[in-house]
Amino acid sequence: GQQLNQSPQSMFIQEGEDVSMNCTSSSIFNTWLWYKQEPGEGPVLLIALYKAGELTSNGRLTAQFGITRKDSFLNISASIPSDVGIYFCAGQYSGAGSYQLTFGKGTKLSVIP
Amino acid sequence: DAGVIQSPRHEVTEMGQEVTLRCKPISGHDYLFWYRQTMMRGLELLIYFNNNVPIDDSGMPEDRFSAKMPNASFSTLKIQPSEPRDSAVYFCASSFPSGGMVNEQFFGPGTRLTVL
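Protein chains in written order, with our numbering: chain A, 1 to 113; chain B, 1001 to 1116.
Pulled out of the complex, with its shape left as it was, chain A reads as follows (with noise of 0.2 Å):
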């Protein structure tokens, strides 16, 4: 089946600090999108991505989808405290009508004061 690798896996980082983080998967996806999750809460949409070499921004949040369709990133520019959870990268190939997302294992961000 499909899979994601999500990298890195956690990230220790300095309020006002820039933070990156990719997926790659070992097939294309149609459609990108990228979720953060805080404590006891579920996933909470940030981006959506359409298109390969599509480049999308939300607020402080920039996520591009790859050209080759394998792979997407998301840059989090000038960190604050709030920033901190889990992000997840979730692929989908919506073929022959399935809908089915592969989400990666997450990044687990903290972001010191």
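The hints are simulated quantities; they were obtained by calculation from the structure and are not laboratory data.
Bear in mind that the values here come from a model prediction, so they are computed numbers and not experimental data.
Ideal Cβ placement from N, Cα and C applies to all residues, glycine included.
Now the in silico label distances, taken between C-beta atoms and shown as ranges:
#1 12/A / 1085/B: 30 to 38 Å
#2 39/A / 1007/B: 13 to 21 Å
#3 60/A / 1003/B: 18 to 26 Å
#4 1056/B / 59/A: 33 to 41 Å
#5 1015/B / 54/A: 44 to 52 Å
#6 16/A / 1063/B: 51 to 59 Å
#7 1078/B / 78/A: 45 to 53 Å
Got chain A sorted already, so can you dock chain B onto it with the hints?
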């Protein structure tokens, strides 16, 4: 608008007992997904429905797990009998793909299940 609603938020039960988890998707969403999250395996899709019909249940671990969606606003995930290895956080998510494009899934807060 209310998001995806799950109940209970926490469930503690003893091995062998039946467990029923409940989900109310976002109104108007026609896809519903059940996931399980553990430290070891991350987020795993168990089953998903489209218009109340199960489409893919290949992620259901074994026959002890069953899911139903009797109507567009309600779904259950049942484990009978429960085992300690079923302990995990179970999420329900819903979505409304439009134009055959994206499936932006909206997750509920989850049910934390502990089987003793």
